[in-house]
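Put together the whole structure using the sequences plus the hints.
So you can see what is in the structure, the chains are spelled out below.
There are 2 protein chains.
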Amino acid sequence: MTEEKKILLTELEGYILEKDAEKAAEFLAQLQAADIAEVLEELVSEELQQWLLSLLDDETAALVLNEVDSELGLKLLGQLNQQKATEILEEMSFDNAADLLGELSDHEQTHYLNLLEKEDRKEVRELLTYPADTAGGIMTTEYVSIRETFTTAQAIEILRKIAPDAETIYYVFVVNQRNQLVGVISLRELIIASPTTLIKDIMHHKVVSVPVDMDQEEVARIVSKYDFLAVPVIDHHQTLLGIVTVDDVIDVIHEEVTEDIFRLAGAPGEEEDDEDTSFWKIVTSLKARLPWLLVTMLGGLISGQILSRFSDQINAVVALAFFIPLLTGMGGNVGTQSSTVTVRGIATGQIKGKNAWKIVCREALVGLMIGAVLGIVVGIIASWWQNKPMLGVVVGLAMMGNMLTAATMGAFVPLTFRKMGIDPAVASAPFISTAIDITGLLIYSTLATVLIVYLL
Amino acid sequence: MTEEKKILLTELEGYILEKDAEKAAEFLAQLQAADIAEVLEELVSEELQQWLLSLLDDETAALVLNEVDSELGLKLLGQLNQQKATEILEEMSFDNAADLLGELSDHEQTHYLNLLEKEDRKEVRELLTYPADTAGGIMTTEYVSIRETFTTAQAIEILRKIAPDAETIYYVFVVNQRNQLVGVISLRELIIASPTTLIKDIMHHKVVSVPVDMDQEEVARIVSKYDFLAVPVIDHHQTLLGIVTVDDVIDVIHEEVTEDIFRLAGAPGEEEDDEDTSFWKIVTSLKARLPWLLVTMLGGLISGQILSRFSDQINAVVALAFFIPLLTGMGGNVGTQSSTVTVRGIATGQIKGKNAWKIVCREALVGLMIGAVLGIVVGIIASWWQNKPMLGVVVGLAMMGNMLTAATMGAFVPLTFRKMGIDPAVASAPFISTAIDITGLLIYSTLATVLIVYLL
Chain H
0 MTEEKKILLT ELEGYILEKD AEKAAEFLAQ LQAADIAEVL EELVSEELQQ
50 WLLSLLDDET AALVLNEVDS ELGLKLLGQL NQQKATEILE EMSFDNAADL
100 LGELSDHEQT HYLNLLEKED RKEVRELLTY PADTAGGIMT TEYVSIRETF
150 TTAQAIEILR KIAPDAETIY YVFVVNQRNQ LVGVISLREL IIASPTTLIK
200 DIMHHKVVSV PVDMDQEEVA RIVSKYDFLA VPVIDHHQTL LGIVTVDDVI
250 DVIHEEVTED IFRLAGAPGE EEDDEDTSFW KIVTSLKARL PWLLVTMLGG
300 LISGQILSRF SDQINAVVAL AFFIPLLTGM GGNVGTQSST VTVRGIATGQ
350 IKGKNAWKIV CREALVGLMI GAVLGIVVGI IASWWQNKPM LGVVVGLAMM
400 GNMLTAATMG AFVPLTFRKM GIDPAVASAP FISTAIDITG LLIYSTLATV
450 LIVYLL
Chain Z
0 MTEEKKILLT ELEGYILEKD AEKAAEFLAQ LQAADIAEVL EELVSEELQQ
50 WLLSLLDDET AALVLNEVDS ELGLKLLGQL NQQKATEILE EMSFDNAADL
100 LGELSDHEQT HYLNLLEKED RKEVRELLTY PADTAGGIMT TEYVSIRETF
150 TTAQAIEILR KIAPDAETIY YVFVVNQRNQ LVGVISLREL IIASPTTLIK
200 DIMHHKVVSV PVDMDQEEVA RIVSKYDFLA VPVIDHHQTL LGIVTVDDVI
250 DVIHEEVTED IFRLAGAPGE EEDDEDTSFW KIVTSLKARL PWLLVTMLGG
300 LISGQILSRF SDQINAVVAL AFFIPLLTGM GGNVGTQSST VTVRGIATGQ
350 IKGKNAWKIV CREALVGLMI GAVLGIVVGI IASWWQNKPM LGVVVGLAMM
400 GNMLTAATMG AFVPLTFRKM GIDPAVASAP FISTAIDITG LLIYSTLATV
450 LIVYLL
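Just so you know, the protein sequences line up as chains H and Z, in that order. In terms of numbering that gives the first Met the number 0, the first sequence has 45 at position 46, counting the first letter as 1, and numbering is strictly consecutive. In terms of numbering that gives the first Met the number 0, the second sequence has 0 at position 1, counting the first letter as 1, and numbering is strictly consecutive.
Derived from the structure by calculation, the hints contain no laboratory data. Certain hints may be false.
[To be verified] To give an idea of the interface, some chain H residues facing chain Z are shown, with a C-beta separation under 7 Å as derived from the structure:
(1) L76
(2) D132
(3) I221
(4) S223
(5) D226
(6) T257
(7) S302
(8) G303
(9) S307
(10) I313
(11) V316
(12) R343
(13) W356
(14) D436
[Claimed, not checked] The calculated PhoX-like cross-link candidates involving lysine-lysine, where the alpha carbons are at most 20 Å apart (straight line), are:
(15) K351/H <-> K418/H
(16) K280/H <-> K351/Z
(17) K418/H <-> K5/Z
(18) K280/Z <-> K357/H
(19) K5/Z <-> K353/H
(20) K22/Z <-> K205/H
(21) K418/Z <-> K351/Z
(22) K418/Z <-> K5/H
(23) K280/H <-> K224/Z
(24) K5/Z <-> K22/Z
(25) K5/Z <-> K224/H
(26) K357/Z <-> K280/Z
(27) K418/Z <-> K387/Z
(28) K22/H <-> K5/H
(29) K387/Z <-> K5/H
(30) K5/H <-> K117/Z
(31) K22/Z <-> K74/Z
(32) K357/H <-> K280/H
(33) K353/Z <-> K205/H
(34) K22/H <-> K205/Z
(35) K387/H <-> K353/H
(36) K357/Z <-> K5/H
(37) K5/H <-> K351/Z
(38) K351/H <-> K5/Z
(39) K224/H <-> K199/H
(40) K353/H <-> K418/H
Ideal placement from N, C-alpha and C gives every residue a C-beta, glycine not left out.
Written as structure tokens, this is what we have:
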């Protein structure tokens, strides 16, 4: 939020706190729904939130309720009298109404659905049947479709009538008698064409469309790739079911990115509601984190096992233990860097089949160079600090080997996972650093065992 | 890419390898520019790439060269004869031409600019003056603007003429005599309005716009928030300079996400060209990674220092050393999970000022619960394995304290950074896990020192 906007919003909050309805309403009329939603979320009491909502016309209220957090939106809707709630719901686009009602229990859902007009109820109910993270779950049924036998003038006339209700009128979809998608034309092309031209003569026959059960991430990728404003959604009979618009695609991208980042860190995969601190939420969050914690714990115990076989050496030269956190910490760091760069490269499509091995070689080389430089530095520090030159040699060589394997594994593991058809993001920080801890300690203990006579 | 598409592309590659121009051209006519770009990138030889490009008309070639990797695009453009290169450049939108030429040296840039017509050259040159990651750097000057005194019929007539060259005609910007932005109207509204209505009577006076020097990430946030198809870019005199369209915003989101993910992992901040394995690239990559490596190294040495003060205890009970990797590994894991959830919550706006402390408390509670459960498990394993009950108590208690501080720090550090005006993503994995290693070892060594008499 810009400074300027903050000042404006402070002014509005003044009116709201004073309950100056006239000035507040005047002020709200100048704001976009997304801004009103921000103000609504910032208000401290439910009473003030309700009062603000009452100042809005139904259409704006519908837009605002879609912009706020869905929990708050449902709460505010539930507090309204039935008539007002119905009016606001009727003003929502079908996909937004379905998104909101989708968060409710079946019983409450039915209650709200029954408030809607019969036609609208049917549309919203149908949208509710698709899984939320598929093309069907994010599409809207408010598109514009015409027959190929129309002229452009007729098509524009239809657009004029439908425009207020359609989600976008900039793409017009052409269907046959059985509502199968046969073409597409943009409003831009309709406007340029002469009024008597037939749609079928200027429409595009090859239409990029997505099946209703396609994963939302894939839908987002297609819309991004072709720079579309919307993409049609079809069933397996080519019947046009709805469209996914670019604004919903942006929401999907934000959502999927959060998921990817969390997966890379081995953190809860589902987007959490960060305000909810209830006990149940915490338990859910624990359940999501637990798998990686157990992997790490198992790895830690294996590391302990390796060290226990190496206890004679530690007993003889206790300083060997001092460098364990340094070696595991550095290995984890370098490995995480390499795996993150690799996983992201796969996700953005920069790393493809044919250059995969180049990446592993590059990371190996990077690891070797880091290892050579830092191995010498750490080796010198170790031998000077403990006054044992051979200890420096062992620590330095272990660092070098550790950096090389850490960087190589960081690139190799995600690429191998992808080749095996496993999501490379599973090669996330906890997994990689645990694996690297184990190999790093194996290298260190082996080196120390071989060179122990020189250490004493 | 879908299976179906792969089969189609294999067919095309067949025609290309056989150099069957007719069939290949026929096939290409059915593809979108983004698909042709994919094929072009997959082709093995430059000769085949040039041949494919020669089959395309100038307009399609321009679109395709914008979709491929910019390095490849410039290489292919450079190999064309001057006339063809000029024709293709002329077909590009100004912002795409500027993006492409922006990658060249000044000398080469001038060469290509001189090929363009005078008017176009001026526009492209101007776009080249804005930093690439600002509103000016991603905007295009091919927008539609009209005067407020026009009627809707006149406005639509203008759109008809401009449509083929404009980046979007769905938003029409209204300017005064000095080209200052005074309003906006959508094509949707123009179509609904009666033909004689004056623009000034139906346009929106409050226009959300962005200053030319605004960071591209902020521009993307505004377009996402308001669900715009484009946003106008102005200078500090309110003069309309260009527009940023939603397709460019999606590219920005992808770019910024990559940056955020890399920063979280302490990996190179700049998006790397993953195919380039040249020595210089590796050195650049090393330079980007080095700061976190040094932080980790310093942390590792401090950890070693802590352990060295604790060497009598390790000498007495060598098994104490076996649990070091377990404790540091688990602490790093939990801390990274907490910091990732927190940093992402800040980025998406879910974590705001007023609920920040709730998050720290929640994470502390999560850490305490994880610590309690895993502390008991690890404690039992340790006492059974080493047959020393008190060792189990020390390891278990250390685990509990470590999990509590790790989760709390993971949430606390990024929130504090934000409050201090530092990018919270700096509280990235390497920093957090190094800090947690140190505190974890302090807890462990203190506990072991206090309870040493019972350990012997």
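Check each numbered hint from earlier against the structure, then list the numbers of those it violates in ascending order. 1, 2, 3, 11, 13, 23, 26, 27, 29, 30, 31, 32, 33, 35, 36 and 39
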